[in-house]
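As given, the protein sequences belong to chains A and B, one line each in that order.
Each residue of the first sequence is one higher than the one before, starting from 1 at the first, in the working numbering.
Each residue of the second sequence is one higher than the one before, starting from 1001 at the first, in the working numbering.
By construction, these hints were calculated from the structure, which means they are not laboratory data.
Backbone N, C-alpha and C fix where the C-beta goes; we use that ideal spot for every residue, glycine too.
Check before you lean on any hint, since a few could be wrong.
Claimed, not checked - The following label-pair restraints were derived from C-beta to C-beta distances:
hint, chain 1, residue 1, chain 2, residue 2, range
1, B, 1086, A, 23, 29 to 39 Å
2, A, 21, B, 1121, 53 to 63 Å
3, A, 24, B, 1163, 52 to 62 Å
4, A, 55, B, 1279, 25 to 35 Å
5, B, 1037, A, 23, 31 to 41 Å
6, A, 22, B, 1051, 27 to 37 Å
Claimed, not checked - Pairs of lysine-lysine, BS3-like flavour, derived with a Cα cap of 30 Å:
hint, chain 1, residue 1, chain 2, residue 2
7, A, 69, B, 1503
8, B, 1157, B, 1285
9, B, 1109, A, 40
10, A, 69, B, 1211
11, B, 1285, A, 69
12, B, 1503, B, 1464
13, B, 1109, B, 1258
14, B, 1157, A, 69
15, B, 1211, B, 1285
16, B, 1109, A, 69
17, B, 1154, B, 1211
18, B, 1049, B, 1109
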Amino acid sequence: MNLTRDRVRSIGWAFVLTVCAALTAALTLRVNAVRSEVYKSEDRIVALQHEIGFLETEFQTRANQQQLKALNDVEFGYTAPRAEQYIEGERQLAALGKPAGPGAPKPVRFAAADLAADGAASDGGTAGGTRIMKMVSPITGIISDTASGKVQADKPEAASVKADLSSRLARIEMPEAE
Amino acid sequence: MNAMSPRFVPNFGPHLGSHFGQGFGMTATVSTGRRSLAQVRERLLLVAKWRALWLLGGFVLLAVCCLLRIAFLGTFEPAHASRTMAELLLPARGEIVDRNGVPLARDFKSYSLWFNPKALDNGPPLIRSPREVALELNRIFPDLAVNVLTERLKSGKPGYLRRRILPEDANRVHELGEAALEFPRETERFYPQGSMAAHVLGFVSANGQGKVGMEQVYNGRLTDPATRGQPAVLSIDFRVQGALEDELGQGMALSQAKGAAGIVLDVDTGEVLALASLPAFDPNKIDGAATPNIFNRVTNQVYELGSTFKPITVAAALDAGTVTDLGRRWQASRPLQVSGFQIRDSHSLGASLNVPQTLIHSSNIVTAQIADELGGARLKTTMQSLGFNERPYIELPARGFPLWPGGNWPRIQTMTVSYGHGIAVTPLHLASAYAALVNGGVWRPATLHRLSPAEVPAGRRVFKAATSAKMRQMLRMIVAYGTGSKADAPGFRVGGKTGSAEKPGQGGYQRSTLVSTFAAAFPMDHPRYVVIAMLDEPKGTMATSGQRTAAWNAAPVVGRVVPRIGPLLGVMPDETRDVDISDLLPLIPGEAH
């Protein structure tokens, strides 16, 4: 059996063809393996969605309006807020925190912070709050400074929504299943 | 293939033949000479080779079959997953949600209790006696009667003993150890909010058909696979619905009324935000006892709604130009005698009244005179264009036909209709009419679909815009200074009219059985919503100061509902705003203080 040039070429082609066929077959099998995994995950997603729906329904049922009303009647007794409890918008809210002008009468206070208990947390801390003992760590002996209120003061404000007050109050928030 | 087979057959054929033919004759030729021995050996070798080849061929064939099968499975196997995820997630029946997407009706897989007498193949269906099992079941479900259950279990017929049982009850049944008591999980229709908005939603019967409410209206699209993936959106707001039902229920209990009805309607679009008919039913328990409360008082029952018609009459007179001066005075001291019929007021309201005073004190005598001047034909046209001569416009299947006096109205008919007697409409009719009265004069049909701004119907003009503006002022005056003062929620600029109509009974109207209605709208400087509260046969109780008229029972309901729903609907209370009534105040010097 002499290997002519043509024969070598045809054997080469046959070999390449075989290799390609084998690769294709392997790839097909791999693709189908992945696909069946996808189907399995989809089945799992479906099962989880059903479970989420089940839990949502249970939550809605336990927290339905009639249950909440019964709870409110027995426990809390909340009523609808009165007209004077509403503010017109952000501008009116901001106006409440405006510093008093020169010569303005002192605001009548209905409540005041108890300085002895609240310590330096209130703005009168320099005068009355210094007597309170600082928190000392029993392990390291470091004097804790968290009671001074600085940590809380630096907290970034929650992201404000650019919508007027009425639309925000009228908004309803729903847990999303997706 | 055809060309090849002839070449192969001659090659294999003789070998096959020799192998079988000579193989069997082997022992016979063993003892022959050397030459034949060599031949035998050769043949034996050949046979052995052939056998090995056959075996190999068999294995190869098996391997090829296995490979083909693997390749087939690898290539075509996912054929079983012809159901896509979207199909699997598709509910058996579409959801119904409120305008904000809160589910009001959805599918829920719940356990049911099924009696399967064939569970144990041979022998009796139950291990213990039916009576004992019935007693045990009665301990778990106290409302199942022992005798009935015993009969069911004795009869040996399969069937539901109970639908929708709790998982813990299913566990307790399981602990009884009876194989015949099965609890399959089945998809049931479930209403998370219980009896809330039951008349709007309706229910689904045991054979899967929607009944009564929007379940019936939407039955096609809720069951169609193409559309049921998308929830059906109602115009109802469940928070408003809850508040209305709460307060109506409380008003009904305080006045010991037989029933109550209420609506909240968007005046500019006709969308119904809440619709309540009390006492309600629980659609989750509908397959229990048939409930008589399915009847919808808002859309199906017609009532003579009494004095709430007076603003409509006044508006019609203003529109027609028969009343040009609101300060004109009409006699109010003497009952009117018309064709043997007497029109009187509940108590004397003074010698004469002008138009705002008439509405504030709700005088039948003066309203009848205004209507008399207006004439029956024009009053009838107005009532017709408000839709009082046909069933109410709403999607619900239960819509009552008004008691509508046809033909030419005689004088007495015109006069009684002007203050809401001799004509009976549903509370929904009244709500749509009040919307037209305050929104600038355009009547629009009520709807339970949530409408986008582009879908709002154009409606038809019933009153002039100027008439509507005057009515807004006068309705506000009724609440600020008149019979509706108990509905005056501070800051919400409520305007409205009371109506306490005597119910017709045997031998004429009965003075002690009333239908008390309060029809209101808010905020009156720019009306957004109409609120109607109606109590059926309220009694005079301690809570209502012994009164049974609308000013004492229906008006306070509106006064409590509005502060609860206003902020939710984007109407903020503001005591610095109000509709400008300064031009009318001089007309009511005695009342305004």
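Here's how the hints hold up against the structure:
Against the hinted window of 29 to 39 Å, the Cβ-Cβ separation of residue 1086/B and residue 23/A comes to about 34 Å, which satisfies the hint. For residue 21/A paired with residue 1121/B, a C-beta distance near 55 Å keeps the hint of 53 to 63 Å intact. Distance hint for residue 24/A and residue 1163/B: a CB-CB separation of about 55 Å, consistent with the stated range 52 to 62 Å. The beta-carbon spacing between residue 55/A and residue 1279/B, approximately 32 Å, falls within the hinted interval of 25 to 35 Å.
Between residue 1037/B and residue 23/A the C-beta distance comes to about 55 Å, which lies outside the given range of 31 to 41 Å. A hinted range of 27 to 37 Å for the beta carbons of residue 22/A and residue 1051/B is consistent with their spacing of about 32 Å. About 33 Å separates the Cα atoms of residue 69/A and residue 1503/B, which puts this hinted pair outside 30 Å; it is violated. Distance restraint check for residue 1157/B and residue 1285/B: the Cα-Cα separation of roughly 24 Å lies within the 30 Å cut-off, and the hinted pair is therefore satisfied.
Distance hint between residue 1109/B and residue 40/A is fulfilled; the C-alpha atoms sit about 22 Å from each other, no more than 30 Å. For the hint pairing residue 69/A with residue 1211/B, the CA-to-CA distance comes to about 28 Å; that is within 30 Å, so the pair holds. Proposed proximity of residue 1285/B and residue 69/A is supported: the alpha carbons are some 21 Å apart, at most 30 Å. The straight-line distance between the Cα atoms of residue 1503/B and residue 1464/B is roughly 33 Å, outside the 30 Å bound, and the hint therefore fails.
For the hint linking residue 1109/B to residue 1258/B, the alpha-carbon distance of about 37 Å lies beyond 30 Å, and the restraint is violated. Taking the CA atoms of residue 1157/B and residue 69/A, the gap is about 44 Å. The hint is violated against a cut of 30 Å. As the CA atoms of residue 1211/B and residue 1285/B are separated by approximately 14 Å, the hinted pair is consistent with the 30 Å bound. Of the supplied pair hints, the one linking residue 1109/B and residue 69/A holds, its CA atoms being roughly 27 Å apart against a limit of 30 Å.
With a CA separation close to 34 Å, the supplied pair residue 1154/B and residue 1211/B exceeds the 30 Å bound. Proposed proximity of residue 1049/B and residue 1109/B is contradicted: the alpha carbons are some 67 Å apart, above 30 Å.
Hints 5, 7, 12, 13, 14, 17, 18, counting from the list given before, are not met by this structure.
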